[in-house]
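The primary structure of each chain is shown beneath.
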Amino acid sequence: MGDLIYAIELLTTGVFTGLMYSMVALGFVLIFKASSVFNYAQGAMTLFAALTVVGLMPHLGLAGSLLATVAVMCVMAVVAERIVFRPLMGASQLTIFMGTVGFASILEGAAQIVWGTKPQGLKLDIPVEPLKFGELLVSRQDLFAAAVAGVFVGALVWFFRNTRTGLALRAIADDPAAAQVVGIKLRRVWAIAWALAGAIAIAAGVLWGNRIGVHFAMSLIALKALPVLIIGGIDSVAGVIVAGMIVGAAEALGEGFIGTYIGGGVQDVMAYIVALLFLMFRPSGLFGQSTILRV
Amino acid sequence: MASGSAPESLAQPAQRGGVFLSTNVIALGAILILAAVAPAVLSEYWLKAILIPTLIFGLAAFGLNMVTGYAGLISMGQAAFMAVGAFAAVIAYGRFGVPIPLALLCGGALSALIGVIVGTPSLRIKGLYLMVATLAAQFIIIWILQRVPWTGTGSFATLNTPPVRIASWNLDTTADRYYLVFSVVLLLTLFGYNLVTSRIGRAWMALRDHDIAASVMGISMLRYKLLAFLMAAFYAGVAGGLVVFCWTGAASVQEYELEISIEILGMIIIGGLGSVLGSYLGAVFILLLPILISFAMQQLTTLIGHSNVSAAVLANAEHIVFGVLVLYFLVKEPHGLARLWKRFASWLDAKRG
Amino acid sequence: MNQLEPRLEAVGPSRAWLAAALLAVSAAAPLAAIAQQYKGEIVFPMMVTRTGPFATAATGVSSAQQDYFTLLNMKGGVEGFKIVWEECEFEYKVPRALECYERHRGKWKIVYPNSTPVIFALADRVTKDEVLAINLAGGRADSTDGQTFPYLAPVVANFWAQATSTIRYIAQLEGGEGKLKGKKIAYIHLDNDYGRQPFPMFDQLAKQYGFEWKSWPLSWPALEQSAAWVEMARRYRADYVIGWLYGQSCAVPFTEIPKVGFPVEKYIGSLWCGTEDDVVAAGTRANGAITANYHSVGRNYPVIQELLEKVHKTGKGNLETERVGSSSYNRGIITAIVITEAMRNAIKTYGAPLDGKKMRDGYRMIKLDAARLKELGATGMMPELVFSEKYHGGMDAQVFQKWDGKQWTKISDWVRPYDDVVQAQIAESARTFREQTKAAATK
Chain A
1 MGDLIYAIEL LTTGVFTGLM YSMVALGFVL IFKASSVFNY AQGAMTLFAA LTVVGLMPHL
61 GLAGSLLATV AVMCVMAVVA ERIVFRPLMG ASQLTIFMGT VGFASILEGA AQIVWGTKPQ
121 GLKLDIPVEP LKFGELLVSR QDLFAAAVAG VFVGALVWFF RNTRTGLALR AIADDPAAAQ
181 VVGIKLRRVW AIAWALAGAI AIAAGVLWGN RIGVHFAMSL IALKALPVLI IGGIDSVAGV
241 IVAGMIVGAA EALGEGFIGT YIGGGVQDVM AYIVALLFLM FRPSGLFGQS TILRV
Chain B
296 MASGSAPESL AQPAQRGGVF LSTNVIALGA ILILAAVAPA VLSEYWLKAI LIPTLIFGLA
356 AFGLNMVTGY AGLISMGQAA FMAVGAFAAV IAYGRFGVPI PLALLCGGAL SALIGVIVGT
416 PSLRIKGLYL MVATLAAQFI IIWILQRVPW TGTGSFATLN TPPVRIASWN LDTTADRYYL
476 VFSVVLLLTL FGYNLVTSRI GRAWMALRDH DIAASVMGIS MLRYKLLAFL MAAFYAGVAG
536 GLVVFCWTGA ASVQEYELEI SIEILGMIII GGLGSVLGSY LGAVFILLLP ILISFAMQQL
596 TTLIGHSNVS AAVLANAEHI VFGVLVLYFL VKEPHGLARL WKRFASWLDA KRG
Chain C
649 MNQLEPRLEA VGPSRAWLAA ALLAVSAAAP LAAIAQQYKG EIVFPMMVTR TGPFATAATG
709 VSSAQQDYFT LLNMKGGVEG FKIVWEECEF EYKVPRALEC YERHRGKWKI VYPNSTPVIF
769 ALADRVTKDE VLAINLAGGR ADSTDGQTFP YLAPVVANFW AQATSTIRYI AQLEGGEGKL
829 KGKKIAYIHL DNDYGRQPFP MFDQLAKQYG FEWKSWPLSW PALEQSAAWV EMARRYRADY
889 VIGWLYGQSC AVPFTEIPKV GFPVEKYIGS LWCGTEDDVV AAGTRANGAI TANYHSVGRN
949 YPVIQELLEK VHKTGKGNLE TERVGSSSYN RGIITAIVIT EAMRNAIKTY GAPLDGKKMR
1009 DGYRMIKLDA ARLKELGATG MMPELVFSEK YHGGMDAQVF QKWDGKQWTK ISDWVRPYDD
1069 VVQAQIAESA RTFREQTKAA ATK
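Protein chains in written order, with my numbering: chain A, 1 to 295; chain B, 296 to 648; chain C, 649 to 1091.
Please note that the accuracy of each hint is not assured.
Here are the simulated lysine to aspartate or glutamate pairs, EDC-like style, with alpha carbons at most 20 angstroms apart [stated by the list, open to error]:
1. Lys-776(C) to Asp-467(B)
2. Lys-776(C) to Asp-471(B)
3. Lys-776(C) to Glu-339(B)
Note that these hints are calculated values from the structure, not bench results.
Throw the hints in and build the complete structure from the sequences for me.
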């Protein structure tokens, strides 16, 4: 019985962690959906957003600083569009990717200059003691994070299906030229996509900040988003959630059950092993459209 | 998108008779001569901290250019391949006494083998998906190197290289090591240049630009894709071996993290995809720039005066300046520095001719 | 200098001449004073990390050293020589560190990167160039042996001493080594040079005292520890968890510990998680955290008070005054004390100008015993350190401290390592190293 409880706890821990990965991956999905660009700067944006929230909190309180950060991220979106996308419009995907790498470098430097390099704590006032279901322990923090992730995903799915901008985004992702012919303003839509990605970065940054503190290494969490994207389908919002849970669960269970036999440390590669398996057998992921980029 | 497909004719008789050496040739000659006499002219610092790593990374970048620039297969695993070469070389030499040239080959060969394995998904997927597959390879390879005990790392996760010696030649001085690096790089670059200008190179470019048409015409996608990965990994592996023998003198897994793969990718994107020159120009840009910025900041600090806040700010400002410059060059010439050079060289030729 | 120049107002000619004469004299005086004040300069390059994940603690250590140098300069310098430092930022990356090293080649007096990976990478070069490279409480544990490693030094408690001292502390908590039998100790750590060095110590002590231990390696940055904690607490059911983490990963356990219901007082972090910056990010969850340390924290030491008075109150501090007395600050001061003692010894023995070899010899002459520490005002803050040709430091005790949300407080006495076990390991490891390098050299 003990082992079963242990397995379930491992599973729930993993799933909740996975949902946190999904939060970050959502930002990537958004920008990819809008412009077919992999935004390497998403991690830096998450860090920047988290630092801004924490930095403003003593002055404006949590709600106030969240709102202010939204404004900041919108400004950042406009800036990004102007210095990364507009000049590089028409260039190859790889070049634009490198552009986002450059942008990430700028953001990281700027974030640390403005807010300093001191690690900050970000505390959402959620009690620390876990909930007890019989022998099972479930963390309240994780539940909250899961709820937030769920809300965001729901909102985004609704956005893409039901709003004009959402439809415009999907149109652009499908065929940028045709979309422009129909009258969709590419740059405006891109700016909106980046702004949304910024909002997601705030949510992800706050949730992760609550979990691991706000500091530089946060931008590395973003890399975990890649396997999530592959497994879920790089352009599917719903897929991101499911994939995140799969990645998290695989990590935790892998660590717990395989790791003990080979000396541990499996957690970090599990995500990529699962992603590789998907790439071999189902590259479009769980929910992605299978027309994209298959040979 | 490609630059540097066919070689420029090396010498054309000018209208007035005689041989007109294009700017390209002159520049190449000058660089070769300078490189050959570098140890006599330049200080230790320049050799050890600038030239040697630039040559080594240039070699790795050239390898990556073959698979990503010429063949169009995006690979994020170049650093991991370097790591394989580094560890293989240091173990071959340190533990089994394999002579250095052979140890370098071992490193390259093992790396090439792994490169082929990593490249197999390219038969079914491409673009971003292939990129993620190579990314997975990057993580998994590094993880294996770190965790598997036979690498001998045990509780010290770094392998130090014993004193470097080829036959009776003791590579003690920086000049010695520089010459080893230079000769290996020269050799492999010549070989690679021939490769990319040959039928194989053209097949790669056909794959990149018109892959379906290419396969219809009978070009075996399988063979050429795997060959591209093989060569890229081989070059990376040899570069890794050079790192342990001629540069850091140790094989340490943390020097080959994802960050480095992205750096090398950055080198060829900025330097020029599908260009031999571009690989090296890109290496110079990516490696030299932070140092130049750091020097500039140092001068700035002495002007402003010692203040710790400034120090941290200036250090971070390096990141900003770097990012800005990357963006600037990308915008200015999306086809890379090699194209910029080409434009300059043709302009100069026109002026002279 | 400008404050010395009186503003020249329109005055009559004779008064103008008088003013000019006074001006000349008053300007010359400080110049002469400065010229007389120092016999010369000691250029001291420093490798620093001011950006990236480890910046905060590292900045504390570097800037604190500079504070101490400033203080000494105010008092006439080291044996009359002014210390002039030059920073080189290497972002905690090995290739950049190598470049920094080459950039200042020939000027290095002592190399202190505050990074174990860099020490490994530099080991060959510093040995060849004859410059001492130190890494307090880090680097290679076996570099305690000054004969096998003439140019490396751990200065204070090396990793093996730290590991055994922590085990001894656990034994103390349990009521004696006899009570260790059958206990389970989980070891969560970074999977690199730093995190793996304690392995042989745990192996031996486990055999000796009958406890069980298991390793949970994490790849850097080790921010995701939830699965490991579920395992350690709920399945392995560890009695104690020893953490060997660094940087931001130090704060993560405090989020995971309450989730799995593990008692926070049974989690003991290594001294590399023992600075304020390492736990601040976890907020109140880190209250009750216990880590090791090789020195004492706080401002209650004459030397720290002097720094506050003379350096910070006069606005010459190199970092924010609130950080004075923090763990990273005091580590910087201890480092600076060691470095300047070496300088002092080197100048007294060899005279200026200094180079790497003279500094190394000066280091070996260091005798920071009780009397000397009292002179320097550091009694109780740092252990006594006496080095020699054979002993480069490293066999020191640890003290354990608890975090209460605002500061670290000592909760134990100095806990010595198991000297015999550590010495045996050093001898063994040094022997292997000598064989390996000799074997390769004769191939």
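Keeping to a limit of 20 angstroms between CA atoms, is the pair of Lys-776(C) and Asp-467(B) held or broken?
With a Cα-Cα distance of about 10 angstroms, the restraint between Lys-776(C) and Asp-467(B) holds, given a limit of 20 angstroms.
Checking one constraint from the list: CA of Lys-776(C) to CA of Asp-471(B), max 20 angstroms. Satisfied?
holds (15 angstroms)
Take the C-alpha atoms of Lys-776(C) and Glu-339(B), compute the straight-line distance between them, and say whether it is at most 20 angstroms.
Distance ~14 angstroms between Lys-776(C) and Glu-339(B) Cα, so the pair holds.
In this structure, none of the earlier numbered hints is contradicted; all agree with it.
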